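The chain contents come next:
There are 2 protein chains.
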Amino acid sequence: MKMSQLMVSTLRETPAEAEVVSHKLMLRAGMIRKVAAGVYSYLPLGYRTIKKIENIIRQEMDSKGGQELLLPAIQPAELWKESGRWQVYGDEMMRLQDRHKREFCLGPTHEEVITDLVKRDIKSYKQLPVLLYQIQTKYRDEIRPRFGLMRGREFIMKDLYSFDRNQDGLDESYEKMYDAYCRVFERCGLEYRAVEADSGAIGGNASHEFMVIAESGEAAVVYCSECNYAANQERAEYFWEQRGKEEDSKPLEKILTPNVKTIVQLEEFLNIPAEKFIKTLFYQVYYADKEELVAVLVRGDRDANEIKVKNILNCLDLELAPEEKVAELCLPLGFVGPLDLYGKIQILADQEVMEMVNAVAGSNEKDYHLLNVNPARDFQVSKVADLRLVIQGDMCPKCKSSLKVTRGIEVGHIFKLGTKYSEALEANFLDENGKAKPFIMGCYGIGVGRTAAAAIEQNYDENGIVWPMPIAPYHVIVIPVNAKDEQQKKIAENIYESLLAVNVEVVLDDRNERPGVKFKDADLIGFPLKIVVGPKTIEENLVELKIRRTGEEERLEVKAVTAHVQAKIEKEIK
Amino acid sequence: MKMSQLMVSTLRETPAEAEVVSHKLMLRAGMIRKVAAGVYSYLPLGYRTIKKIENIIRQEMDSKGGQELLLPAIQPAELWKESGRWQVYGDEMMRLQDRHKREFCLGPTHEEVITDLVKRDIKSYKQLPVLLYQIQTKYRDEIRPRFGLMRGREFIMKDLYSFDRNQDGLDESYEKMYDAYCRVFERCGLEYRAVEADSGAIGGNASHEFMVIAESGEAAVVYCSECNYAANQERAEYFWEQRGKEEDSKPLEKILTPNVKTIVQLEEFLNIPAEKFIKTLFYQVYYADKEELVAVLVRGDRDANEIKVKNILNCLDLELAPEEKVAELCLPLGFVGPLDLYGKIQILADQEVMEMVNAVAGSNEKDYHLLNVNPARDFQVSKVADLRLVIQGDMCPKCKSSLKVTRGIEVGHIFKLGTKYSEALEANFLDENGKAKPFIMGCYGIGVGRTAAAAIEQNYDENGIVWPMPIAPYHVIVIPVNAKDEQQKKIAENIYESLLAVNVEVVLDDRNERPGVKFKDADLIGFPLKIVVGPKTIEENLVELKIRRTGEEERLEVKAVTAHVQAKIEKEIK
Chain A
0 MKMSQLMVST LRETPAEAEV VSHKLMLRAG MIRKVAAGVY SYLPLGYRTI KKIENIIRQE
60 MDSKGGQELL LPAIQPAELW KESGRWQVYG DEMMRLQDRH KREFCLGPTH EEVITDLVKR
120 DIKSYKQLPV LLYQIQTKYR DEIRPRFGLM RGREFIMKDL YSFDRNQDGL DESYEKMYDA
180 YCRVFERCGL EYRAVEADSG AIGGNASHEF MVIAESGEAA VVYCSECNYA ANQERAEYFW
240 EQRGKEEDSK PLEKILTPNV KTIVQLEEFL NIPAEKFIKT LFYQVYYADK EELVAVLVRG
300 DRDANEIKVK NILNCLDLEL APEEKVAELC LPLGFVGPLD LYGKIQILAD QEVMEMVNAV
360 AGSNEKDYHL LNVNPARDFQ VSKVADLRLV IQGDMCPKCK SSLKVTRGIE VGHIFKLGTK
420 YSEALEANFL DENGKAKPFI MGCYGIGVGR TAAAAIEQNY DENGIVWPMP IAPYHVIVIP
480 VNAKDEQQKK IAENIYESLL AVNVEVVLDD RNERPGVKFK DADLIGFPLK IVVGPKTIEE
540 NLVELKIRRT GEEERLEVKA VTAHVQAKIE KEIK
Chain B
0 MKMSQLMVST LRETPAEAEV VSHKLMLRAG MIRKVAAGVY SYLPLGYRTI KKIENIIRQE
60 MDSKGGQELL LPAIQPAELW KESGRWQVYG DEMMRLQDRH KREFCLGPTH EEVITDLVKR
120 DIKSYKQLPV LLYQIQTKYR DEIRPRFGLM RGREFIMKDL YSFDRNQDGL DESYEKMYDA
180 YCRVFERCGL EYRAVEADSG AIGGNASHEF MVIAESGEAA VVYCSECNYA ANQERAEYFW
240 EQRGKEEDSK PLEKILTPNV KTIVQLEEFL NIPAEKFIKT LFYQVYYADK EELVAVLVRG
300 DRDANEIKVK NILNCLDLEL APEEKVAELC LPLGFVGPLD LYGKIQILAD QEVMEMVNAV
360 AGSNEKDYHL LNVNPARDFQ VSKVADLRLV IQGDMCPKCK SSLKVTRGIE VGHIFKLGTK
420 YSEALEANFL DENGKAKPFI MGCYGIGVGR TAAAAIEQNY DENGIVWPMP IAPYHVIVIP
480 VNAKDEQQKK IAENIYESLL AVNVEVVLDD RNERPGVKFK DADLIGFPLK IVVGPKTIEE
540 NLVELKIRRT GEEERLEVKA VTAHVQAKIE KEIK
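Protein sequence lines correspond, in order, to chains A and B. Those letters in the first sequence? Residues 0 to 573, per numbering that gives the first Met the number 0, in order. Those letters in the second sequence? Residues 0 to 573, per numbering that gives the first Met the number 0, in order.
Bound conformation, chain A alone (with noise of 0.2 Å):
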């Protein structure tokens, strides 16, 4: 392609609308533009890019035994009912009605249709298994669409959907998608990590994400320096070991604490550290049929895990609770702490808790702390667990090493679902006695769109974005410094068709634009490869070859140009 050709047009200010780097650069680099909030235009480079993290996906499910079919985009409101999402999607889903009256959605995802059509379509467990995928568009109506194809309203997704006839068929098929998700980000150049993922009420090692490793990541990664653990930090475990104690109890004591009402305040009030803390905190918590009020104590330099929390008490959902809840108790804010609130309300206590010593809390009196606080024989709780979140230096669950945090920004997800769908849609299969089961399912997301921002956010620099080669809109750029001047327009023009010759994917930039300019867009795009054919070098045949991640440079002879960088992206492509 040439570049007066090419539909793209580079922007050097960052347009105001974006908020992080890959919004930026994609805008600014000419591959998206928004029609509306969260509702993008793929232009020719950003489509190119998207495509080949596509092929890509499409390869790794075809050989795990998946089969490409395309589901709709439109979908009855009548399948979401028998699910009961049709109420439980709330704003996010987009409604629409047909000139009929009829309800429909745009599909935010396809279990329901899936599912009816595997219902119809197979019906002995000799057919099993089956692995179904798509690449698709779909649609949620963020309440607020931001980060460019990070949170779209619009989005393409691939989304495979496991049926098995059993537990055992489900293992397998998840091992089988866990290992091409693994192909995939590796084979589109990323560094990636798998983390298991809070599964809910489903419990088990039932679901993972792929997290692409970035500084910007919007969710923590909790992974062990020495073995192969890795989970996002609301799932993340730790090796606990008992301290046991350090010092001896004292007695209880009261203290005039006016006004002091946080962890920060409290340390530098009292001159102790916040680990000797114990903070009370409230939930409130959900069930389908009550709510209640829920103590949970941490130490004062941890974070609750509020995952955990819910894991443990099996509800719905809960929530800090708000002040007016833990007015009704009749506790002073800023104040309370853990005695006498047994027989009250539920207490939950993390591990850590209960072996600490002379530890500070509140008295439940106004202005009032208490030290020399001892758990158990100063209050009582309901539950101890683990309840907090993990943090660098924990001890690996799995191997005692220390653990790391990094962020990471989730761009798969592969989740056992087992007979969630199957039973509601009364989806079944005959087995080997002829007796009706439902499907087993897992299901199985990747966002192509976000890949794609994703690899961006780990991938640039201060002048633009450093494409990954596999996933590069193009693999190389031939810029002829002077444009007027024949020889060099010349050359560049040969080596230009040489590599098409090959079948690399190559761009002249043959605009009549100042050195300056065509460095700089080649540099914003992107392209791994840029040739540069100049003065300097002409007169002794020679051209430079700079790698774009690195910086570096090498003088090539013109004839050997070709092999060289066919050797160069080949080696890159996996």
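Some hints could be false.
Same chains, same label: a pair holds when it works inside one copy or across any pair of copies.
Unchecked claim - Derived DSSO-like pairs: lysine-lysine, alpha-carbon spacing no greater than 30 Å straight-line: (1) 137 to 50; (2) 529 to 51; (3) 125 to 519; (4) 324 to 343; (5) 125 to 50; (6) 419 to 23; (7) 436 to 118; (8) 122 to 567; (9) 118 to 137; (10) 434 to 1; (11) 1 to 50; (12) 483 to 436; (13) 33 to 50; (14) 50 to 63; (15) 125 to 489; (16) 434 to 519; (17) 137 to 100.
The hints are simulated quantities; they were obtained by calculation from the structure and are not laboratory data. These numbers come from a predicted model, not from an experiment.
Chain B: place on chain A using the hints.
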């Protein structure tokens, strides 16, 4: 792929919902499934054909310099209000509101979005021409969706838009697309015709439809038996030679024809052939600022071509006048004729009418007709023109050879838009003199699912689909006649493996089914080639190769199969 693992279930019975062959066969062969009226899931077999058609289109668009992008399905109302089409589209446009009550539609087409994009990203004539295309899902809320993929509410289209600096540029882009479209349908292995289509007010040779020839086609196609002239029937012209008077005119005569109102009744009653009658039709004609009643005269054996009438009147729309409109003229329906109408309303006469001698016409008096009516002598008209539908046997307007009429299915449409959208959306570029000018646009569509359906309408027999090789879901099926015979099974598997090894798209029917079931399924799905490993031949180390289209059978040595099959496939895929 092994048949036991392929997600396909064939149906012996035709589902009641299907009326046309392609719909029936796509359902029966397990290619599509209905999700809602006009909304389908494409199963793996069906989607393979769709993807093959898409890839042929993609290659041909790219070869003409087309650049692929992807525009959103969700489009903001504002853009459509700017172009004036938000109102025009009516109920056919699917509309929705997001959570903030902002109005959107699901794009039935993308002129607005692409024009807005190009307006913002292309500034100079130096960047022109550009040809931008997408293969994307479109939405039209058809009042009566039917015929499967032929007329859906959610469907896949390729739409390309050309942007040029002047009319010559547009002509060139149009020519490129015309050629590309011919290549596409040729490469799909379809018999098609590019026909001139009516382009309404724009006029000129500015629109072509691409029709797949099929008896079940919804449109009549006129083409020359000798030269390359072809047009859809509403557009078609013919060479008209005045016959000259064949007899002397006789005096006007009024005869009693009680209750004889239609041409057929008159033919019988008077024993005079229909070609001697003058048919007087009344149309209610709509303009932007008024409406009027117009009379159109054609010979009794001809049909008026409403498009020709519309173009001559240069009106917005017309329809056969409702009875009450005609009644306002105090004329007796069934006995109306051209006499005495002149001055009351506009009268258009087909050119053939004016050379009629001693014709029969209505008398404008109940129960009476007139004999020996002679145009000019007996009545005057406002305008004479070619106003009738061309029929088989008319003379070609280019070469005077005999015209033929066949039926076809419209699968593509190319159109010179000019500045309609660029002016409405103020989409300008700067020309060589720095002057702002609107882009000159063209648009070019192919219905992808429709092409698949049309391919079936053209290629089927009583046993099922007869896929053209280039768009068959798979090329070959290997069938061991007796799945329990180890020798047959082994040989079938070996053939399957060796075909796979050379990238032949092959299915092995490894199911434990009766031979009849396997053969029926193979024919229904339409594999172009069938390799039968059966008891009759296997002792001699031979297998049978059957050609689906011709029914030919040949016996091949097992070791010769792969090369033979490969050669057969290559021959048919261009």
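*Copy assignment of residue 118 with residue 137, given that the CA separation must stay at most 30 Å*: both (23 Å within a copy, 27 Å between copies)
*asked:* As a check of your reading, is residue 122 near residue 567 (CA-CA no more than 30 Å) within one copy, between copies, both or neither?
replied: This pair counts as neither: shortest intra-copy Cα distance 51 Å, inter-copy 36 Å.
*Give the relationship of residue 50 and residue 63 under a CA distance limit of 30 Å: within one copy only, between copies only, both, or neither.*
Intra 20 Å, inter 20 Å, cutoff 30 Å: intra and inter.
_Within a copy, between copies, both or neither: which one fits residue 419 and residue 23 at a CA-CA cutoff of 30 Å?_
Classified as neither; 40 Å inside a copy, 33 Å across copies.
*Could you place residue 137 and residue 100 in one of the four classes (within, between, both, neither) given a Cα distance threshold of 30 Å?*
Both: 23 Å inside a chain and 20 Å across chains, each within 30 Å.
*When no copy is named, should residue 434 and residue 519 be tagged within, between, both, or neither for a Cα gap of at most 30 Å?*
Between copies, since 29 Å is at most 30 Å while 67 Å is not.
*At 30 Å max between alpha carbons, let me know whether residue 137 reaches residue 50 within a copy, between copies, both or neither.*
Both. Shortest intra-copy (16 Å) and inter-copy (20 Å) distances satisfy the 30 Å Cα cut-off.
*Using 30 Å as the alpha-carbon threshold, which applies to residue 483 and residue 436: within, between, both, or neither?*
between (74 Å within a copy, 28 Å between copies)
*How would you label the pair residue 33, residue 50 (within, between, both, or neither) given a Cα cut-off of 30 Å?*
both (19 Å within a copy, 28 Å between copies)
*If the cutoff is 30 Å on CA atoms, where do residue 436 and residue 118 land: within, between, both or neither? Let me know, please.*
Classified as within; 11 Å inside a copy, 57 Å across copies.
*Classify it for me, residue 529 with residue 51: is the Cα-Cα distance of at most 30 Å met within a copy, between copies, both or neither?*
For residue 529 and residue 51, the Cα distance is within 30 Å only inside one copy (20 Å; across copies 34 Å).
*Same-copy or cross-copy closeness of residue 434 to residue 1 [CA-CA at most 30 Å]*: Close across copies (25 Å), not inside one copy (63 Å); limit 30 Å.
Against the hints set out earlier in the document, violations occur for numbers 6, 8.
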